[in-house]
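Student: As a plain string of letters, each chain reads:
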Amino acid sequence: MKALGIILAGGGSSRLGDLSKKRAVAAMPIAGSYRCIDFALSSMSNSHVQKVAVFTQYNARSLNQHLSSSKWWDFGRKQGGLFLLTPTVTTTNDSWFRGTADAMCQNIDFLRDSHEPYVVISSGDCVYKADLGKMLQYHIDKNADITIAYTQIDNTLDNPARFGVLTLDKDNKILSLDEKPAEASGNIVNTGIYIMRRRFLIELLNRADKEGRYNLVQDIIVPLIGTRNVYGYELPGYWSNIATVDAYYRTNMDFLKQDMREYFFGGYNSIYSKETDEPPAKFNEGASVRNSLIASGCIINGAVENSVLCRKVYLGSNSVVRNSVILGDVYISDNTVVENCIVESRGTLRSARQYKGTDGKIRVVVESNERYLI
Amino acid sequence: MIKKEMIAMLLAGGQGSRLGVLTANVAKPAVMFGGKYRIIDFPLSNCINSGVDTVGVLTQYRHLRLNTHIGIGIPWDLDRINGGVTLLPPYETSSTSDWYSGTANSVYQNLEFMDHYNPDYVLILGGDHVYKMDYEMMLDYHKKKGADVTIACIPVPWEEASRFGVAVADEDGNIRNFEEKPAHPSSNLASMGIYIFNYKVLREALIALKDQPGCDFGMHVIPYIQEKTHNIYAYEFNGYWKDVGTLSAYWQANMELISIIPEFNLYEEFWKVYTRNDIIRPLYFGDKADVDTCIIGDGAEIRGTVENSVIGSGAVIEDGAIVRDSIVMENAVIGKDTVVDKSIIAESVHVGAKCHLGVGKFARNEYNPKVYNADLVTIAEDSVIPDGVSIGKNTAISGITTIDDYKDGLLASGQVIIKAGDR
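Residue numbers (the working numbering), protein chains in the order written: chain A, 10 to 383; chain B, 159 to 581.
The list that follows gives simulated cross-link-like pairs (lysine to aspartate or glutamate, DMTMM-like), each with its CA atoms no further than 20 angstroms apart:
{"#": "1", "chain 1": "A", "residue 1": "Lys283", "chain 2": "B", "residue 2": "Asp235"}
{"#": "2", "chain 1": "B", "residue 1": "Lys446", "chain 2": "A", "residue 2": "Asp263"}
{"#": "3", "chain 1": "B", "residue 1": "Lys565", "chain 2": "B", "residue 2": "Asp545"}
{"#": "4", "chain 1": "B", "residue 1": "Lys500", "chain 2": "A", "residue 2": "Glu294"}
{"#": "5", "chain 1": "B", "residue 1": "Lys430", "chain 2": "A", "residue 2": "Asp338"}
{"#": "6", "chain 1": "B", "residue 1": "Lys290", "chain 2": "A", "residue 2": "Glu287"}
{"#": "7", "chain 1": "A", "residue 1": "Lys266", "chain 2": "B", "residue 2": "Glu459"}
Which bits of chain A does chain B cover? Going by a derived footprint, with three or more residues having C-beta under 8 angstroms, they are:
{"#": "8", "region": "29-42"}
{"#": "9", "region": "275-288"}
Please keep in mind that the hints were generated in silico from the structure rather than gathered at the bench.
Where is the CB? At the ideal position from N, CA and C, for every residue including glycine.
Throw the hints in and build the complete structure from the sequences for me.
Tutor: So this is what it looks like as structure tokens:
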């Protein structure tokens with residue numbers, strides 16, 4: 010692959026509420042065994058992008074721990090590798106990353122010292138599976154300066170106005186990009202995946218930096234629309250941004266569908282993640298599980314329905330988990346009911362309690378009680 | 159110069175013929191265990207957890223699966239700059255091309271490997287037991303006693319002692335003599351096949367015995383050293399240790415993992431067991447699934463009913479299928495409305511729809527009653543069972559079978575169909 014990879018994973022999200030207190034959006038657990046950034050990393054790895062930089066800033070401990078070794082995504086190579094780029098103080102700079110463009114600009118040497126002719130930029134906050142080689146070929150065929158991958162989202166499920174809304178001409182050339190408009194003019198949105206020439210990006214970044222502009226979309230890409238060849242590329246398949254509680258919940262629930270699991274985990278290219286070496290999930294007498302995903306290391310004594318359980322969840326006898334997402338290492342005591350909830354990781358839910366959200370309003374449960382070992 | 163205090167030599171070359179068709183295509187140490195592991199994961203994990211970071215794995219019988227599983231040792235942190243894991247198959251020299259003829263002979267043929275690490279002690283391990291053991295504590299014992307050889311021994315019930323090789327030791331642990339499967343045992347300390355040797359003593363003995371045909375640790379090397387120095391000690395181990403070398407023991411050990419708090423607990427944070435995970439996605443239960451007392455590996459799809467069973471990673475149990483008291487290994491598929499009772503179904507087996515495994519009454523196996531005697535249906539990896547057949551107890555199947563292989567759609571108890579693999 011003739012492209013360098015950049016994953017922007019620096020952000021938190023206030024719309025994830027209490028869930029983002031603990032970690033960056035890109036480190037949110039997905040489908041029981043993965044974290045959000047695994048999808049961007051696996052797409053790059055499967056597309057033979059050899060050198061990938063991940064930009065982190067907000068609450069990055071959990072993310073850094075996840076990325077502590079590059080071998081899980083096959084980036085532990087002499088040629089290329091995985092680079093974690095966090096803000097640092099230098100003689101000429103003492104600020105945090107002031108925006109996505111600033112993050113790259115502060116690490117311009119990384120871009121300069123590479124030799125790949127192209128750069129693929131992706132967000133770490135999205136769940137998708139992309140053949141980036143195809144997108145690069147499209148970029149070359151269209152003779153584009155910048156190619157933006159877009160998708161059409163379902164208005165009934167998500168609000169396009171929380172993304173960049175695109176309009177395109179017949180040839181897929183982008184006519185306008187409305188970043189987080191007050192009201193969306195359509196449902197074609199920017200997926201946060203871009204391809205351009207590396208040298209062109211360096212040039213753009215330097216210019217923006219001189220003018221004190223720090224945001225990749227607003228300050229660099231939007232001004233080029235209409236003057237340069239900025240093309241849209243329809244990203245095939247599933248795409249979801251998880252940066253709100255509802256979207257996070259819905260994306261996890263989507264994995265209960267068989268075609269969804271086949272799409273992501275079947276075929277030749279799967280999704281990779283850090284191994285944790287948990288033992289197989291264990292189901293004791295009295296357990297019952299319906300339409301649910303259970304990750305390794307779980308011990309189930311109660312009932313689970315329409316839910317996603319991350320690794321090492323303990324569910325006590327007579328307890329019920331329904332329509333919920335339970336993050337890793339949660340202990341749920343006996344006789345407790347959890348319904349329409351997202352339970353934060355390492356929580357301890359005491360016995361005989363009721364935690365209930367509603368179908369429309371998912372409740373985020375953060376319970377850091379003392380855990381009594383049995 | 160490289161110097162290691164202790165290195166391990168792991169004997170993984172045998173077929174393990176008592177596991178019947180389960181080892182038709184793979185060596186016993188590579189047979190899956192407990193939903194996601196392979197038997198060799200236990201000694202390898204013990205090594206790294208004990209601080210032994212240099213392991214030679216002696217392979218001979220069908221070692222492809224072992225090679226791909228172990229690779230460069232990443233899952234066990236055995237990918238090292240100095241040391242790590244090395245696979246040691248037999249090799250040819252300008253004058254000889256010998257297979258490994260016995261356990262000690264295989265180690266003798268790899269003296270060069272051991273010399274390279276210049277060790278003080280060499281740990282000899284087998285690849286066919288399930289246990290967690292701190293070899294470092296055993297080494298401390300070995301040093302404290304000033305022994306030439308220390309043999310790990312486990313106390314077994316007296317009435318069973320006559321099935322084992324037992325060590326008769328004095329109060330200090332010094333071994334007086336050995337009894338191989340004694341009718342009237344004078345000790346209940348069974349040898350676990352785990353030895354620590356002073357390397358100099360081992361080296362000298364292996365060279366002295368180099369022309370011994372089928373040179374074996376228990377039969378030749380230990381008696382040789384005992385005669386010379388009488389400085390062999392027994393190290394008593396009191397944890398969980400299970401020989402999984404027969405079908406009934408293998409089945410039993412798997413079933414022990416599903417009890418409420420298993421004696422062999424994989425869920426402890428301390429002393430993790432590592433393995434290579436090709437499948438990491440979570441397991442899925444369908445709308446009509448039912449589960450009771452099971453352990454199930456990652457990525458399995460359970461749409462039927464599973465009870466008292468160990469289900470491997472990526473296995474698929476289709477709608478209406480019922481699996482009871484069975485072991486289903488990685489990527490095996492159990493077809494719709496099929497009933498599986500007390501069976502061992504190896505990796506990537508495809509069982510068709512509307513079959514019934516484990517029907518009828520016990521009958522003596524006509525092919526090899528010594529191996530197939532535990533009432534189990536045993537199906538070798540990559541086998542295919544066509545739709546709608548019934549299979550009796552104490553049976554074995556290996557290879558792709560069609561309806562023509564089953565007389566009246568039935569494989570009666572005690573019969574076998576072997577169309578592929580080693581017997």
